[in-house]
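Asks: Please model the complete structure; the sequences and the hints are all you need to start from.
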Amino acid sequence: MDLLVLLIPTFPLVAVLLNGLLGSRYSHDLAHRLAWGSVGLSFLCSIGVFTETIRTGVAREVVAYQWIFGGDLTVNLAFLIDPLTCIMLLVVTGVGFLIHLYSVGYMHGEEGFTRFFTYMNLFMVSMLLLVMGNNYLVLFIGWEGVGLCSYLLIGYYFDKVSAAKAATKAFVVNRIGDAGFLLAIFLVFVNFKTLDYTQVFAQASQLSTGMATAIALCLLVGAVGKSAQIPLYTWLPDAMEGPTPVSALIHAATMVTAGVYMIVRNHVIYDMAPVALSTVAWVGGLTALFAATIGLVQTDIKRVLAYSTVSQLGYMFLACGIGAYTAAVFHLMTHAFFKALLFLSAGSVIHALSGEQNIMKMGGLKAKIPWTHALFLVGTLAIAGIFPLAGFWSKDEIMAHAFVHGQYALYAMAAIGAFLTAFYMFRLTYLTFYGTSRLDPHTAEHVHESPPIMIWPLAVLAVLSVLGGFLGVPPEAGWFHHFLHPVVTAVGAGEEHGGGVGLVMTLMVVATAIALLGWGLAHYLYSIRTEAADNVAAKAPGVYTTLLNKYYVDECYDALIVEPVKRLGLVWDWFDRTVIDGVVVGVGRMTQSGSALSTRIEKYVIYGALNVVGYANHLAARSWRRLQTGQVHQYAAIIVAGLFILVHLILAWWTGTSGTGMAR
Amino acid sequence: MLEELTFGFPILSMLLFFPLVGGLILCLLDDDDLIKNAALAVAGLELVLAIVVLLRFIPDSAAMQFSEQVAWIPPLGISYHLALDGISVLFVGLTAFLTVLIVLYSWDTVRHQIKVYFAALLALETTIIGVFVSIDLILFFVFWELMLIPSYFLIKLWGGGAERQYAALKYVLYTLLGSVFMLLGIVLLDLNYHEWAVAHHIEPSYTFDFLQLLMIPIPPDRQVLIFWLIFLGLVFKAPLFPFHTWLPDVLIEGPIGMAVILAGIKLGTYGFIRFSLPLLPEASQDGGVVAVMMTLGLLAIIYGAIVALIQPDFRRLLAFSSISHLGFVVVGLFALNFQGLQGSLLTMINLGFSTAGLFFLAGFLYTRRQSTHLSSFGGLAKKVPLLATFLLIIGLASIGLPGTNGFVGEFLILLGAFEAYWLYGAVAVTGVIFGAAYFLWYYERAMFGPLTQGLGHAIADLNARETVIAASLSVMIFWIGLYPAPFLHIMNGSVQALVNRLDRGSVAADKPSAIGIQPSAQKAGPEVRGGHHAERTRVSVSLKAES
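Protein chains in written order, with my numbering: chain A, 1 to 664; chain B, 1 to 547.
One or more hints might be untrue.
Partner residues are not named here, just some residues of chain A that face chain B (Cβ under 7 Å, in silico) [stated by the list, open to error]:
#1 Val161
#2 Thr168
#3 Ile176
#4 Ala179
#5 Leu568
Covered by chain A, per the in silico footprint, the following chain B stretches (three or more residues, Cβ under 8 Å) [as the list claims (entries may be wrong)]:
#6 92-99
#7 336-342
#8 400-412
#9 427-438
Pairwise CB distance ranges, derived in the manner of DEER restraints [claimed, not checked]:
#10 B/Asn500 x A/Leu568: 24 to 30 Å
#11 A/Gln66 x B/Val48: 27 to 33 Å
#12 B/Thr295 x A/Leu570: 20 to 26 Å
#13 B/Leu423 x A/Leu570: 24 to 30 Å
#14 A/Gly210 x B/Asp461: 52 to 58 Å
#15 A/His28 x B/Asp33: 38 to 44 Å
#16 A/Gly210 x B/Val48: 54 to 60 Å
It should be emphasised that the hints constitute simulated quantities derived from the structure, not laboratory data. Note that the structure is a prediction, hence the values are computed from the model and not measured. All C-beta atoms in this analysis are idealised placements derived from N, C-alpha and C, irrespective of residue type, glycine included.
Replies: As structure tokens, then:
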């Protein structure tokens, strides 16, 4: 079992090394086989670890080696295998494997094919460290590691300026979050003198509420950065510059959920900090709603999905914030299925249209790419929360939990968000696959269905999107809940009560009604009365433009943060050159003009003093003097003269202090 | 406090003088190829020697190892006293390592007066190693000053910029000015010892020996004075904001080899951890001193990073990034706890791979475009993938990405600083964000985007020699990043001893540590030097009686 655990990240690591160092020496075929093969093996190992965990029912720690140590700090490169990790492992390696397979078809013929798979595998390694680590620092290696891979893959088409900019932005914005995360790690260490989860959580009850809140909020800063929540979400839509499988794997299914994983992992601390917890809930609720509104009007197929991801991550945060950790992880999992499905189907569309991403230039594709259409539709139904697909169960559970626990404001936000989600997803579907074709004629000629290696992974994801929700049925008492129970239950907390059956059923009906309403509106605007949508936009141009421009948040950040910092850099650079260096050069000049004086000082004072010491010294000084020429000589002379005076002053003080504080 | 262990063979003297002798022999040769090969052989053998030292070094020990001592100017108590401990030994390895790479780099980039160049470089290596192996403060000071001579000529004669004369002079004067104060500080240490020795009838009453000076008390107000004097010598050299303005000039005007040394070998901050902290523990913990040092460190971190952000010239950017990194080191040092000191020490070593590595990369860029200015680049990644990859790896190490060496050091520094003064630590953490911004923004503009017009055919990827340089740096970066255990073991003993000393103050009753166990592999030595030991015991007993 220990070996199995260690093998999980090792397989992709080996593939990274082989493809990274030798990839240029062998064929693309070997490169991609290594890549998906290694992830497949990790998946098999993960299944092994998973079944073992079910069988034994105990968490297990595996130490690879001692990483950083000294003083009272010891950090191992070590792994913790518990139900939460198992779920994450299966999602990451399972969905990851499917996306790797898909990529073989999608990336076929791309320049840098091997580079792509090297980065993808490196991402897998980092993500696995992230979810498997048994302490905060291993989590942090994975945390920044996935950030690096995200950077590399967003910038995959690096000769495109927009891609290069998006990559830098993603990394730097994430670093803001990471700084917060680091502070949390320091606080944890200062309080517990260890960074191992098990020890920290065992002692967590000793924390004061204030300290727990501080740690939880610092962690939240990290989570907000990685999981693209308000106010640090702006990098994720731009991240769509990366190839579509990257968007599916990193920017939808796995990496961006790391923040949710981290909060659930630390729920013991969050449970002690009600203020932090409600902050999480409100950040999540606001983000869910806010991102959904932007998603309403975007015209790039991937950007709609990106804002949808931000919004869905908001649901997961909301769930965490109201203590519904299981529901958060449940939604994380179902979201991984249907959002990967949606992104990859979108990729299939883009593939079919030779790179076109603007949905205003699509339409009527249903007949031309039927498989892609069917799969995309499954994804849409799942994310919209149509009964009984996966998204229905997980989203409903979050909303029901909010309602049952009296968080009506949050419930309302989630409900409106759900309505908007259904609306923009069906809008996307209608604009892409239905109605009349708005393709430009040249593209239209080449429309083709994707090859089987792209369709089959989608089919698997579609099945998961349909059936995955049943793992959590009945709500709050399904298999999923029992499996996660040991991890997410706070020490001493009682069983959760999900309200009466009647209430639960009512909420389900309401949720379904909300989703159908969104669908209906989209159907009306984009299928029946196609001109109506434009009318709505025309009636409120201000709102429409604001949404289209994403509330001008990027522009605000640029004007308020980026530009001022650059200007500060310019000012300080000027200061450095003119003021600081000016003083130095000024002193130098002074020295030069004072050289006549200095020569005299040198002659009478210094050599005079040396004469007192002795004639031999005098000779030595003269020969030393002959060695010197020009400026150096003058500078040195004034230094010596100044020093001469200084030495006297210091020695005078020194003799004054003689003996003070010293026993004789 | 510190055990002294000898080695059956004067390996440190050998290590110290071998490059100098090699350099002199080089002067006898005439053929250019032969000179290059000979220089490489000397630098390579020196590296082998340094590796032997590292392998024979007893880890987790606070002992001064490989000790050699010969009287030099007995009336003044000055001796030729060499030894290495966990604080200094890695620097010796680093110096030898970087010198080999500089020789490789200079192979076809230095074209005139090759003989003198390599001789000067090797002489410089001797003086730098001298700084690290010296235990006698005057000997240390002599090497500290001697370093200026080869440096001056390297900058002046082989610099690439038009202002190289000015830069060379500026560097020398700056350092000289600082070292005058440092010398005064050293003399005051000696005078203090003298006063004490006379009062306690100890002969000889003069000494500049670090280990002897550690034994006696220094009144706190004197400590503070001496601290600031030595401080001036160290910060000018380091250089620490606002004493840094020579650095950008020298790094841009001087040859790449010199830039690698100045950016990669952190002599200034080494001086703090080697001498200032242990000799002046009360001054180092003085509220005012800590506040000033922390403030300077934080200013350097943020000032350096923000000024670096807008630099269009890569070498000037690196100069300010270097200043920013030194800020981290200072913050770690004056956290004065285990993690902070360990992190600072490791970071000093790390910068020898990352910042120095980036200067090699700057050199590669310079070789191709005769400039490191942004206007010469743009979209290079497609043309020179190998160069772009190594630039990214080494750059990420310099901004402390986990998995690279930079992270381990930076994390420990920040952790230490946070433990000691959480607010200082929290401010320092922002440096992590700016670091990513300035490096990646430059990288984006130089390497990404469409290829700048006219660059198409003119530019070649790394050649074999350049690849060896970049790859060996990368190996070190990942080694320390992923498995730093050997390095941490080497430094931990000495860092712990320093922490203990700081905790107890200068007049602590230093018990000889129990770590000086002889490994069976080292039959010839090291062994404890009995006489010295006995004397030391006497000293601490008498001190106890007083207090």
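Asks: Any of the earlier hints contradicted here, and which numbers?
Replies: 6 and 10
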